[in-house]
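A.B. asks: Here's the letter readout for the chains.
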Amino acid sequence: MEIIQTDVAIVGAGGAGLRAAIALAEADPALSVALVSKVYPMRSHTCAAEGGAAGVIKADDSLDHHFNDTVGGGDWLCDQDAVEYLVREAPKELIQLEHWGCPWSREADGSVAVRPFGGMKKQRTWFAADKSGFHILHTLFQTSLQFPSIRRFDEYYATELLVGEGRCAGFTAIEMRSGQMRRFDARAVIIAGGGAGRMFPFTTNGAVKTGDGMALAYRAGVPLKDMEFVQYHPTGLPSTGTLLTEACRGEGGVLLNRNGRRFLQDYGMGPETPLGHPVLKTMELGPRDRVSQAFWHEQKKGNAVSTQWGDAMLLDMRHLGEKTINERLPLVRDMSISYMSVDPVTDPVPVRPVVHYMMGGIHTDIQAATSLPGLYAAGECACVSINGANRLGSNSLTELLVFGRRAAMSAMEYVRSGARAAGDAVLAAAEAAAQARIRGLLQRSGGTETVAGLRKEMMRIMEQHAGIYRSGEGLADACSKLAELRRRYGGIELHDKTNVYNTDLLQALELGSMLDCAEALAQSALARKESRGAHQRLDFTERDDKNFLRHSLAHYRGAEPPRMAYSDVVITRSQPGVRDYSGGHE
Amino acid sequence: MSERRVELEVLRYNPETDREPRFQRYSVACREEWVVLDALNHVKESVDPTLSYRWSCHMAVCGSCGMMINGEPKLACKAFLRDYAGVIRVEPLAHFPIERDLVTVIDDFMLKLKRVKPYLLPAQAKPIAEGAYRQTPAELKKFKQYTLCINCMLCYAACPEYGLIPKYIGPAAIALAHRYNQDSRDGGRDERQEEIAATEGVWECSFVGACSEVCPEHVDPAGAIQQVKIRSTVDWYAEHLMPWLKK
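Protein sequences, first through last, are from chains A and B.
My numbering applies: residue 906 is where the first sequence begins, and numbers increase by one.
My numbering applies: residue 5 is where the second sequence begins, and numbers increase by one.
With the rest of the complex left out, here is chain A (with noise of 0.2 Å):
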């Protein structure tokens, strides 16, 4: 097998990924850095974020301020150190973007131009029109192309770690090209593999977002974190799951029901805001979790709209007007008249809660660093955590490159503290066994089972329990369904036995990341007997911060399912408090 030997390596080259690489570059040009992705990096899924990245700037706001909203926002299950260490970085990376040339919106004096977001009391959202996460891709991966340290390996699916003498010496990966497996042996890896929103049906996520970095880091003895919290983006289309951005409602757009009832009010969230006036932080400004909450009990009441896709609620934006739609959400009006046929500047959207971000995954400190030593872990496929039990929209663009560039600089500390490889034979024997499952699993024959009948039953399975509530019986359902699956799926055989683009093999691989992942979701929710943020349960409705004001660590163990243990959560300032977004908590 071929080897390469790099510093450090990095799977995943997304907006993480791609800040990690280009921070260790410019940090020491002499390191050698392997950024490996299973897409070429302006495939990457940070290119579909829409509406911003949050970082303090404007006068009337403070780090203060940036830091209460997110905690709030996450339901006290943040890691405080770590969100006072995000908000103070938050404005130094985003003018770094814009001396990299990212075209941030602007005031007209020529100022960086922020915009209002859900759960944030000040505007202080940077974005370029409604294609943020695109620009920021875009800028870094362009960026990243002037530095010859960075070795770029597009299109190689990284298949395990490689772990020697209890560190992490690199991983083997499959060149989809020509089929054949790579070994990257690094003195550290950084993994910013994104999130693995594709184990439900209706997700704004893209097919890459797999979970397969948080399968490489899980499989290899490092806990998943707060699994079971996962974000239901409310406006998303009901055709496609194609995201509707937060700034639809941050520019002024409100959410109807059926009876063209302004219905936020009816949750908590009011009194009505004028026409036209958002007020921050309540009514269609209030935070994701909640908004998403109201529309599934508003579908119980009967109050819902229903398209030929189901249920939905509408999102009006008429009243903003054909200019500002065009200058400040043109993709919005494109999508919503591509997919749904209908003109934003001149009827409401239909739109419904979609599965739009996981706030749990690979554990790891305020260093990014995980409990395997030369392991480190940012952007969404890391859990820090920064986002508590429900992230506010906009910190995560500003996440994966804060963080990403912490896990640079933590490799890069491990690098030279004097980190070598493992040994030889180690790492020949964990190449040696990598290559016979991949083999394995390529020539098994007389199997049963198939990639899309297993996936279609995960995502029902994921849907039906998982969701937006959850109870205790349907979620043991699961679990019990998940590890059956998670068994058949050594009952898989592959149609496609050549080497060359073999997309029936990564389906497959991919498919095994998010069956790991799954149940380690669906087992975090079980054992989590409380409601906060995003995990609501039907059987335990208030929050719990006697018994869960704690994180939840699944811990692999192969074929059984995780064993679940807990830690602290880090509270530096801020003590649980009441969550208030009524129109008075001013």
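Quick caveat, the hints were computed from the structure, so don't treat them as lab data.
Cβ coordinates follow ideal geometry from the N, Cα and C atoms, glycine included.
Do not rely on the hints blindly, as some may be mistaken.
What the hints assert, rightly or not - Using C-beta positions, here's what the derived DEER-type ranges look like: (1) B:Leu-245 x A:Pro-1053: 37 to 43 Å; (2) A:Ile-908 x B:Arg-23: 54 to 60 Å; (3) B:Glu-195 x A:Gln-1480: 54 to 60 Å; (4) A:His-1224 x B:Leu-245: 43 to 49 Å; (5) B:Glu-76 x A:Ile-908: 53 to 59 Å; (6) A:Ala-1464 x B:Asn-74: 44 to 50 Å; (7) B:Gly-90 x A:Glu-1368: 32 to 38 Å; (8) A:Glu-1070 x B:Glu-7: 56 to 62 Å.
Stated by the list, open to error - Chain B regions said to be covered by chain A (calculated; three or more residues, Cβ under 8 Å): (9) 95-103; (10) 111-123.
Let chain A serve as the given structure and place chain B on it in line with the hints.
C.D. replies: Just chain B now, kept in the frame of chain A:
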């Protein structure tokens, strides 16, 4: 809910098992609002798991699913079935080598993109502590359109010059170089000119304009190329006929 049976004729090629590309027919029950990508996904899931193609976002921003659809370069996620009658022929993007089925080899573009230095080269480095540059909405507007390129390669598949002269840097890479040249924060135009104003640069373009017609993001690379030509011509005159202007 209305359904419609759609006949797809898809180019297949596996270098390990096929001597040359061939077409395969799939008859698919489709929903009226589907795009070609939905139909391909249906084939992949329910009919033929061996079919290979790239896709991810399904919202025309990741740039993965560029294909020839009835001979035209399109994003499969924005090619609506309602716009096609009869058999729909799906092929890999023209002018690129086929890796397998609908997957093309895009190494050539990746190398060219790097060559044009598509990153900000500020005249003077600015420390983070000094804050953001000022850039007025009017200054932003001068290059914003060219930032919208999603690297989907449709313009290369449409460009007759690129088909004839593979060394041509091509529309997207030139548009991205122009994007940085037009940015008020940039000072790197001279460095980029060496690539884009060279013989394999803008002068290969015969202004057919096909690139701008197929661009799903309305970047207008043809417009960028013409602007580069004009600027280069002005450079030439300034250097050769009016050297005192350079002082």
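A.B. asks: Sort out which numbered hints this structure fails and list those numbers smallest first.
C.D. replies: 2, 4, 5 and 9
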